[in-house]
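Each residue of the sequence shown is one higher than the one before, starting from 1 at the first, in my numbering.
Worth flagging that the hints you see were computed from the coordinates, not collected in a lab. Be careful, since some hints might not be right.
The list that follows gives simulated cross-link-like pairs (lysine to any residue, SDA-like), each with its CA atoms no further than 20 Å apart [stated by the list, open to error]:
hint, residue 1, residue 2
1, Lys305, Gln211
2, Lys320, Thr332
3, Lys321, Ser364
4, Lys264, Lys305
5, Lys234, Gly252
6, Lys71, Ser373
Between beta-carbon pairs, the in silico distance windows are [said to hold, decoys possible]:
hint, residue 1, residue 2, range
7, Gln124, Gly323, 18 to 24 Å
8, Ala313, Ser373, 19 to 25 Å
9, Asp106, Asn363, 44 to 50 Å
Glycine included, C-beta positions come from ideal geometry on N, C-alpha and C.
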Amino acid sequence: MSKTLNKVLALVLALAMAFALVACQTTTPTTEPTDAATTEPATEPATEEKPSTLVVGYSPFSEKFSPFFSKTAYDQDAYTMTQVGLIGNDRAGNLILKGIEGETVDYNGKDYFYDGIADTDIVQNDDGTVDYNIKIRDDIVFSDGTPMTIDDVIFNMYVLSDPTYDGSSTFYAVPIEGMAEYRAGMELLSNMIVAAGPDNTDFTYWTEDEQKAYWDAFWAAGEGFAQEIADYCKNYGATNVSEGAALWGFEGLAADATAADFFKAIVDKYGYDVSDDGINAETAGSAITDLINAQLGDKADAYAKGISTGESAANIAGIKKTGDYSMTVHCTKFEATAIYQLGVSVAPMHYYGDASLYDYDNNSFGFPKGDLSLIRSKTTHPMGAGPYVFEQYENGVITYHANELYYKGTPKTQYLLFQEGSDGDKLAGVVSGQFDVTDPSFSQSTVDSIKEYNGGELTGSVVTTDTVDYLTRSITSVTATSASAPQRSTSAATRPATPPRICARHLPRCSPYIAIRSSTPTTASVRASSSTRSPTPPGQRRVRPMRATKSPTPRALKATRSTPRTCRKSRSTMQRLQRRSDT
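Turn these sequences into a full structure, and let the hints steer you where they fit.
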């Protein structure tokens with residue numbers, strides 16, 4: 001994942017999770033009385049607070065809200081609100097291995113308590129192998145009321161280990177005993193057809209009609225792929241496909257060249273490799289594989305199935321169930337990053353898979369090996385045991401409501417909206433009251449605008465600005481300032497814990513920290529003063545009026561100048577943004 005995308009993910013996801021966690025009801029009394037506690041009767045229960053809505057200004061989604069198949073950081077944020085992770089971390093990025101009872105950890109001279117859904121015991125054996133003994137809580141339920149067991153964890157691990165899995169996770173790269181044997185002897189049908197080429201005459205594993213249908217889809221998708229690049233380059237002065245191709249680095253096409261001609265030039269460079277190191281390296285937005293699948297339509301699932309080509313193990317020897325709520329993962333060697341890969345989201349098997357197909361003793365793990373079509377079918381509607389329940393994605397807005405069965409308590413912020421908008425509208429949206437919080441690009445023009453609103457300050461009566469530091473790098477988010485909120489402390493101790501998925505993804509490189517105000521459920525990043533927002537009527541959601549927007553294209557995100565150098569540079573940035581991130 002690019003550094004730019006890392007920053008956006010860390011910022012927005014941390015803010016969203018902070019709202020959920022800071023606002024959660026708990027059974028533990030606070031040790032520091034608030035103003036409300038000194039002025040309100042002590043007998044008034046916290047659960048009687050009126051419903052509230054938090055609106056987060058977001059960059060466009062790709063509607064792949066799946067813990068298995070999401071690609072962009074924004075889609076990852078969308079599903080993360082509905083999920084729980086197997087392993088968490090503290091403010092310093094250290095793993096919380098005793099999540100069931102919780103751990104108290106000192107940070108910057110102050111103690112903080114952390115808990116989670118599991119305990120993990122790491123045993124390094126004399127022969128160099130490593131055992132990860134995992135025990136989950138026995139009282140976790142998914143948002144539909146179904147209890148979570150260790151079978152759900154095993155199901156997730158097998159999905160991520162399937163020979164046909166092509167999502168962004170690299171769980172299958174962990175040196176688990178028997179992983180290679182389990183993944184051997186099976187290939188994705190589409191990969192086999194691509195490897196054989198369009199002139200193949202060996203139809204041992206597929207029919208001639210299947211091959212023709214795939215290559216017809218390939219070339220049709222490629223034409224759209226190339227046209228998207230040409231359209232992108234119009235913002236840089238290109239008036240036709242040939243000029244757009246030249247700006248993109250493919251010079252020499254005829255003046256009347258078509259998108260099909262342009263795509264043929266791309267294929268001449270990369271061959272039929274559709275990976276991010278091949279044809280997809282040239283993307284201006286859409287992945288070539290997504291365009292191919294769109295052309296295949298209902299037939300796409302058939303090409304995403306595994307074809308048995310040789311011997312394969314029936315199970316992964318190193319993934320061992322030891323009880324209804326416990327398991328062991330046995331690795332053949334120690335790798336420092338393995339523990340982060342094991343911290344998977346625990347998605348419900350009964351929803352994403354088929355519980356009737358789960359029989360651990362008979363090597364059946366909730367789906368047919370080599371066929372992830374059932375899991376893929378739930379890509380647009382996530383479900384889990386996390387703090388929020390996904391309701392819908394409509395007109396550029398994701399709507400969530402608080403999960404009353406969340407193991408840490410029902411979040412007090414009852415409704416959560418992730419609302420799409422262009423980067424240029426984010427700051428204005430906060431000031432106008434359209435958004436409560438957002439993450440604009442921290443350019444000089446953004447800084448100047450914030451200072452103009454605040455009378456020369458980055459944090460003032462209209463906008464509150466909080467930064468996210470990545471060692472020597474920083475980004476900024478903006479929220480509306482609440483007149484009643486106390487001033488944000490600059491102490492590192494006020495930084496909330498980074499979400500587990502950030503930890504799992506980034507800790508090998510750096511430890512991100514988020515500085516936010518936690519006095520109210522709606523504070524953090526760029527926010528608007530209370531005078532710019534109207535309160536939510538009791539029992540109603542505060543839904544913002546939608547602007548008429550369409551899903552932006554890459555050029556709307558990055559186009560700044562009209563020179564070939566800038567076009568190529570922007571293209572490079574966009575291809576990194578679109579590449580799948582390792583999780």
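How the hints compare with the structure:
Of the pairs offered as hints, the one joining Lys305 and Gln211 holds, with about 14 Å between alpha carbons and a cut-off of 20 Å not exceeded. Of the pairs offered as hints, the one joining Lys320 and Thr332 holds, with about 14 Å between alpha carbons and a cut-off of 20 Å not exceeded. With a C-alpha separation of about 13 Å, the suggested pairing of Lys321 with Ser364 holds against the 20 Å cut-off. Proposed proximity of Lys264 and Lys305 is contradicted: the alpha carbons are some 28 Å apart, above 20 Å.
Distance restraint check for Lys234 and Gly252: the Cα-Cα separation of roughly 18 Å lies within the 20 Å cut-off, and the hinted pair is therefore satisfied. In summary, the hint linking Lys71 to Ser373 is supported, as the alpha carbons are separated by about 17 Å, within the 20 Å threshold. Taken as a hint, the range 18 to 24 Å holds for the pair Gln124 and Gly323, whose Cβ atoms sit roughly 23 Å apart. Separated by about 22 Å at the C-beta atoms, Ala313 and Ser373 satisfy the suggested range of 19 to 25 Å.
The beta-carbon spacing between Asp106 and Asn363, approximately 46 Å, falls within the hinted interval of 44 to 50 Å.
In terms of the numbered hints stated before, the structure departs from hint 4 and from no other.
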